[in-house]
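Student: As you go down the protein sequences, you meet chains E and C in turn.
Numbering of the first sequence is given in our numbering, commencing with residue 44 and proceeding in unit increments.
Numbering of the second sequence is given in our numbering, commencing with residue 105 and proceeding in unit increments.
Hints may contain errors.
Here are the simulated lysine-lysine pairs, BS3-like style, with alpha carbons at most 27 Å apart [to be verified]: (1) C:Lys326 / E:Lys304; (2) E:Lys142 / C:Lys272; (3) E:Lys144 / E:Lys226; (4) C:Lys125 / E:Lys144; (5) C:Lys261 / E:Lys89; (6) E:Lys233 / E:Lys140; (7) E:Lys233 / E:Lys304; (8) E:Lys50 / C:Lys316; (9) C:Lys316 / E:Lys51; (10) C:Lys182 / C:Lys125; (11) C:Lys125 / E:Lys226; (12) C:Lys212 / E:Lys304; (13) E:Lys304 / E:Lys226; (14) E:Lys233 / C:Lys125; (15) C:Lys399 / C:Lys212; (16) E:Lys203 / E:Lys304; (17) C:Lys316 / C:Lys326; (18) C:Lys326 / C:Lys261; (19) E:Lys140 / C:Lys125; (20) E:Lys51 / C:Lys212; (21) E:Lys203 / C:Lys125; (22) C:Lys272 / C:Lys261; (23) C:Lys212 / E:Lys50; (24) C:Lys399 / C:Lys316; (25) E:Lys203 / E:Lys226; (26) C:Lys182 / C:Lys272.
Worth flagging that the hints you see were computed from the coordinates, not collected in a lab.
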Amino acid sequence: MKSIYVKKSLLHFFLIVGVIISLGPFYWMIVGATNPSGDVLSFPPKIVPGNYFVENLTNLSEAIPIMKAVFNSAVIAIVFVLASLLVCSMAGYAFAKFKFKGSNIIFSSFLLAMMIPYQATIIPLFQIFGALDWINTYHAVILPQICYPFAIFLIRQNMKGIPDSMIEAARIDGAGEISIFFKLALPTMKPALAAVGIFLFTHQWNNFMWPLIVMTSSEMYTLPVALSTLAGLNSVDYGQLMLGTAISVLPIMVVFLMLQKHFVSGILGGSVKE
Amino acid sequence: MDDVTKKVQTNQYKSGFITPKTAPYIFILPALLLFLAFTVYPIIASFLLSFQTRSGGVYTFSGFDNYVRLFTDPIFYKALGNTFIILIVQVPIMLFLALLLAVFLNSKLLNMRGFYRVSFFTPAVTSLVAASIIFILLLNTDYGLINYILTSIGLEKINWLTNGFWAKASLIIVTTWRWTGYNMVILLAGLQNIPNDLYEAASIDGASPIHKFFHITIPQLKPVLLFCFVLSTIGTFQLFDEPYNLTSGGPNNATLTITYYLYNQGFNFFDFGYASAIAYVIVVFIAILSWLQFKVVKDD
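One chain only, chain C, in its complex shape (with noise of 0.2 Å):
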């Protein structure tokens, strides 16, 4: 009886192959392929990769030897550190600047609204290698437009790329000014979606707008600025472009990112080993602070 029923029911529909049952494993079948043979294929290939070295032109099992070597690697340290120190400054200035010019953008008293919204996000369409070049230039130490502004309000030139300390600012500033706009856009649709309601009452109770910012604007906002910090955080592990453009790691590895370190022992060296290996430590990184971003906002 059920047989028949069902027999009926397909049969309003054409027949064939491509059935409604069929169709969804059809559609998704391409993106599926793809997605095995250059996504899941190679992160399994890499983590096997990670515990292999090369020896006489073959890969062999070598168990943890890269790990071991990584976690003895001064250059492994500085890379780490580097990273770190650049995930410490300029995220929280980024989110700061991006959620100060999304207030700003999202008052009532503004117009040109718009014009200000696509003039923050312009740089967040530029590729990254433009982005560098242009600042390598304003970053100049003897002809570059900042140094002349600096020199020509009474400071003293500052060895922008040259100075450990300074390349690791360059490239902060550098990152910030690409980005900025980036997480502004993303900030300002997560103000616009909290309702006004909880604004008008406040205002009958009397709250002023600082009160109201941070009793209204920041709970309310948590959700899209843990967004924000979690694709940050992402994006600082993969810096790769701008320190390998603006600096080439320097000086003095100052400004070589994990990414980039990556980068040179795979495709300068050939250890792919190693680099895998690395690039593991990467994926621990971000799962471990992704997940830590997810519980430090929870648990509030």
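Okay, chain E solo, but in the shape it has when bound (with noise of 0.2 Å):
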């Protein structure tokens, strides 16, 4: 009996300090944002939240279009995940409720794709968006990723679990394929959805190379990019980038602590236990 107590302990020791490895640089950050420039690399080092967010904010909207780029990050990475859910989904379903010729092997390409490295496509992209005319355009960082082969994936195996007589079903009442899709497939699919939504959004909200190579002017970067920026200025406001940071962190943390259970199956394609 005590050796158990004994082993429980010491399991749960070793996973505190992995819990304030995993979660410390956080707290440290939020107590950064909201103290002066000069207390954010003090001996000792601050260990509460100050009452400074407002001068840093202040200051660091002076720096940076930062609410520009919050905008940017947050329409690019709707827009992006409305898109590529409907797109995905479509694809999805036929690949897991129709027999066509083709099928297989447009989605083992769809597979492969996802073994190719993005760098092999990222240098025609940009000439084709600078051929375009799109180079600074949410569009430019929006549509490349549109057709996300790991969310086709996880979809098509979601959707392998709606009853084919289901769909019988409503053919026979008469129902044409298109409205099949949207007023039986997808609503059944809603939590699959709302998982590979997740994951979709918190993937662009992070994207970093690809805006920072396609948004040339500071009006137009996204959160990364513009953080990055602030980041290389001479001058570094150690508040005010650590404010930054936050603004940049915080709402996916939220996001993520709300849905986290539908977070994890949307990486992991359902397959956790609880």
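Reassemble the complex: the two chains are provided individually, in unrelated frames, and hints are given to aid placement.
Tutor: So this is what it looks like as structure tokens:
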């Protein structure tokens, strides 16, 4: 009995150390974001949040168009998620519920594309958008990844769970294919779509390399790109830098904490048992 | 006769352009067009571009010139070497930690599992840029919290971001911090899918916990571990956000990764042909390493 107690305590001790390492930097970020710049790197370190939030926000807005960056990131992520969910669930539905010529080849090439690094495509993509005069536009960031093979794969797995007899019954009742998809398949897939949607949102919200390449004016920067330029400025105000970081991290953390069960199943394709 | 039955059958359904026969093609069309335009075409185009060099503003075919240049380019070797060092050091450390945490969290003794799982996973939802910025300040030589802790336990300050060796170590620390929880969740899912009977049978046969770990857990977990290995390998070859923000590839190219080198060639020097050749080297390395990892698991 005693040995189990010791084991349990040891286990918790290691895990708590792990939690401090995982979450500590975020707490420190929040402390930094609410304290004057000089206090961020002071000895001994500040450990309680201060009341310098408003000042940091004012300084931050003067240094970079932070609110525009939040707006850009939000618009891009939301439009991307909606477009990608629509396109990918249509494709996932086709793969899950129809037998058609070429489906294996198309599906395999989608899966194969998951293995090919994104970097192999960025230079021609940059040329395409340059030729179309779409550099520095929202759609240049959104379009290339709407067809997201991993999302198609996850949605297909879930769509397989819709009984064929249900679809057949709708057909016999005279429903068209489009309305079967929108009125039957999509509504029954809501939890899966939510999971994939959260995953896609996080992916796009945090996306860095492609927006860095394609957004050339500071007015069009997304949050990660704006933050990156802020960190590169010579006279760095650490309080405002931490606040900028917090602004980019906290929304996604709140969403994650609220929906973490769906989020994890979005990543694992529903293979996690609680 | 056949035609008549077919007609009767299709007539049961609403007729028109969209029938059960044409519907899948219509549903797949948007994804397919986007895929062709923004994935397939660029992959082919960058392959062709890798055989071209720019002279006088136009790209002309130059055979293997870019590849020849690549194999005699010391910075390319440096970037490749850095990428491999990170791969060899970081991925095993991270997967070991992730496996350890997953086994801990899977323990029957434990309560508050949900809390731990969410805590460890949280770094994985933040942007790599944000993670890099937090760590730039934590790792600051004179004022950073980490050196403060080191000096207060009687150790020397470390020049984390300005010394070549420690800059690589910093990159490894940040990457491990960001991705361990992610791998842990995948491994935890794998652990929970191992049938309990196996452990019960082993217990009856008198197997020790360590014996059970190496003879049941590891073999059963192999496909999931492989999945994590392949994902991490691909991730390492794509490492860009962290070195770009943490160290700008420095000092003296000590943290220049292969993808960062591609970015520099493409978007600082606008040498698209050469950058495309680097892209294809990445493709080939990922293909070879993934194939090797699958082979190792199969042969065992």
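Student: Take the hints in turn and mark each one as holding or not.
Tutor: Hint check:
A C-alpha spacing of about 25 Å is found between C:Lys326 and E:Lys304, which places the hinted pair at or below 27 Å, so the restraint holds. In summary, the hint linking E:Lys142 to C:Lys272 is not supported, as the alpha carbons are separated by about 51 Å, beyond the 27 Å threshold. Restraint check for E:Lys144 and E:Lys226: the C-alpha separation of about 26 Å stays at or below 27 Å, so the hint holds. The suggested pairing of C:Lys125 with E:Lys144 holds, with an alpha-carbon distance near 10 Å, which does not exceed 27 Å.
Between C:Lys261 and E:Lys89, the direct Cα distance comes to roughly 20 Å. Compliance with the 27 Å bound is thereby established for this hinted pair. Among the hinted pairs, E:Lys233 with E:Lys140 is consistent with the structure: their alpha-carbon atoms are about 17 Å apart, no more than 27 Å. For the proposed pair E:Lys233 and E:Lys304, the alpha carbon gap of about 14 Å is at most 27 Å, so the pair holds. Under the criterion of a C-alpha separation no larger than 27 Å, the hint pairing E:Lys50 with C:Lys316 is consistent with the structure, at around 18 Å.
In summary, the hint linking C:Lys316 to E:Lys51 is supported, as the alpha carbons are separated by about 20 Å, within the 27 Å threshold. A distance of roughly 55 Å separates the Cα atoms of C:Lys182 and C:Lys125; the hinted pair therefore is violated under the 27 Å criterion. Between the alpha carbons of C:Lys125 and E:Lys226 the distance comes to roughly 19 Å, so the proposed pair stays at or under 27 Å and holds. A C-alpha spacing of about 21 Å is found between C:Lys212 and E:Lys304, which places the hinted pair at or below 27 Å, so the restraint holds.
Note on E:Lys304 and E:Lys226: the hinted pairing holds, with a Cα-Cα distance of about 26 Å set against a maximum of 27 Å. For the hint linking E:Lys233 to C:Lys125, the alpha-carbon distance of about 26 Å falls within 27 Å, and the restraint holds. For the hint linking C:Lys399 to C:Lys212, the alpha-carbon distance of about 34 Å lies beyond 27 Å, and the restraint is violated. Between the alpha carbons of E:Lys203 and E:Lys304 the distance comes to roughly 21 Å, so the proposed pair stays at or under 27 Å and holds.
Taking the CA atoms of C:Lys316 and C:Lys326, the gap is about 14 Å. The hint holds against a cut of 27 Å. For the hint linking C:Lys326 to C:Lys261, the alpha-carbon distance of about 41 Å lies beyond 27 Å, and the restraint is violated. Distance hint between E:Lys140 and C:Lys125 is fulfilled; the C-alpha atoms sit about 12 Å from each other, no more than 27 Å. Between E:Lys51 and C:Lys212 the alpha-carbon distance is near 10 Å, which keeps this suggested pair within the 27 Å criterion.
Note on E:Lys203 and C:Lys125: the hinted pairing holds, with a Cα-Cα distance of about 18 Å set against a maximum of 27 Å. Of the supplied pair hints, the one linking C:Lys272 and C:Lys261 holds, its CA atoms being roughly 16 Å apart against a limit of 27 Å. This hinted pair checks out: C:Lys212 and E:Lys50 have alpha carbons roughly 11 Å apart, not beyond 27 Å. For the suggested pair C:Lys399 and C:Lys316, the alpha carbons sit about 25 Å apart, so the restraint of at most 27 Å is met.
Proposed proximity of E:Lys203 and E:Lys226 is supported: the alpha carbons are some 17 Å apart, at most 27 Å. As the CA atoms of C:Lys182 and C:Lys272 are separated by approximately 13 Å, the hinted pair is consistent with the 27 Å bound.
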